[in-house]
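Asks: Numbering (my numbering), first residue to last: 153 to 530.
Hints may contain errors.
Said to hold, decoys possible - Listed next, with one range per pair, are the computed distances between beta-carbon atoms:
1) Gly-406 <-> Leu-177: 14 to 22 Å
2) Ile-366 <-> Ser-495: 28 to 36 Å
3) Gln-193 <-> Gly-313: 46 to 54 Å
4) Ala-424 <-> Ser-495: 17 to 25 Å
Read the hints as simulated data drawn from the structure, not as lab findings.
Virtual Cβ for every residue (Gly too), placed ideally from N, Cα, C.
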Amino acid sequence: MRILARYLLREMTVPFLIGQATIVLLLTGSVLYNNAQVFLQFQVPLAYIVRITLFFIPFLVHMTMPVAMAVGASLAVSRLSRDSEITVLRSAGVSVMRIFTPIFLIGFVVSVVDFYFGETVVPASIIRYQEVVGELITHLKSLTPLAGQSFVSSDQNYVVGVGSMIAHKGYIELHDVEINASARLIGSTQPFVAIASSGRYQNGVWTLYRPLIISFDPEHPDRPLLSWPQTVRYTIPADPQAFQNGMVLQMPMGQLATSSMLTLHQLGQQIAAERARHITDYRLILDYYFKLSVPFSCLVMALCCPPIAMRFGRSGGFGGTLLSICLVFVYWNTLLLARILGSPGPQGSPPLLPPLVAAWSQNVLFSAWGLWMIVRSE
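Required output: the full structure, derived from the provided sequences and hints.
Replies: Okay, here's the thing in structure tokens:
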């Protein structure tokens with residue numbers, strides 16, 4: 153068994169790495185292609201284009217590991233089947249389930265690695281990506297800020313309204329600013345409203361001068377606390393479109409990337425804090441469960457792809473591998489549909505599918521189908 157496990161690991165390593173690199177390069181190319189017109193129109197410096205792309209790549213690696221797992225498992229099994237090695241093993245009394253068990257174990261290990269990669273590397277890279285976008289706004293030569301703007305921050309924690317903006321070299325002068333902060337902020341126990349007649353935006357930091365800050369205690373909402381500090385600063389991620397009409401970056405799976413800024417522990421903290429206030433944020437709960445279910449799609453691919461590759465591997469070529477890749481895209485479309493059905497309705501109403509069901513239904517469905525295929529192949 154150990155010899156078979158080492159043999160399959162050796163067969164899977166190169167296809168896995170090649171599949172991972174290919175998909176990431178394709179998606180990186182789509183980032184550059186989809187935003188080429190925006191980069192050229194607004195004269196975005198090359199250094200910012202490179203930094204935006206580099207800081208977004210870890211998220212792409214995290215999301216494409218299931219595809220790499222499907223390619224690695226399919227190519228390894230296709231070669232074994234094409235060279236009749238699986239036939240020899242079965243003639244020696246080795247069952248299909250036992251032949252594929254090392255692949256299942258590898259899929260589980262890759263799922264765990266993908267989960268920790270998404271918990272450690274991806275949040276930091278997405279935060280840096282947001283910071284670069286925030287810096288970019290004040291370095292555009294053609295920046296023409298719009299008046300009367302009101303927008304929700306990228307992390308869904310703030311609503312910002314600005315009466316007028318004046319562009320200067322390296323910063324933006326703000327007038328008639330109002331910032332509404334929700335109670336979802338990590339480390340914050342009170343929502344607040346900050347109002348100032350003047351301020352400044354620079355590299356993602358909002359500075360308000362002599363603001364009026366109204367804080368609300370959830371236990372005593374009828375007793376707001378007022379304060380007038382000299383200066384306050386808030387780090388609020390903002391979409392470039394809030395400052396420049398038409399400046400919209402189109403990133404693959406952009407909504408999922410935004411939700412990846414928080415770790416599972418941080419999401420759990422927010423959910424617990426909201427439950428203590430008798431608040432149910434279905435979108436936050438959905439992100440929590442998907443944070444767990446998406447990495448373990450690597451294990452799902454390890455269950456589904458080998459029987460397909462074995463069934464079509466004897467015919468030669470890459471038929472089984474191509475079908476496995478098609479299966480990955482079917483899986484991802486099912487996952488996106490489940491996420492839509494699990495998203496909250498109008499004004500935060502309950503979704504069509506409970507978040508737990510929406511996050512794990514496709515994993516259970518495809519895993520059951522893969523195990524059924526293996527049993528049939530016996």
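Asks: So, for every hint listed, does it hold in this structure?
Replies: Quick rundown of the hints versus the structure:
no.	hint	verdict
1	Gly-406 <-> Leu-177: 14 to 22 Å	holds (19 Å)
2	Ile-366 <-> Ser-495: 28 to 36 Å	holds (31 Å)
3	Gln-193 <-> Gly-313: 46 to 54 Å	violated (27 Å)
4	Ala-424 <-> Ser-495: 17 to 25 Å	holds (21 Å)
When the structure is compared with the earlier hints, a violation turns up for hint 3 alone.
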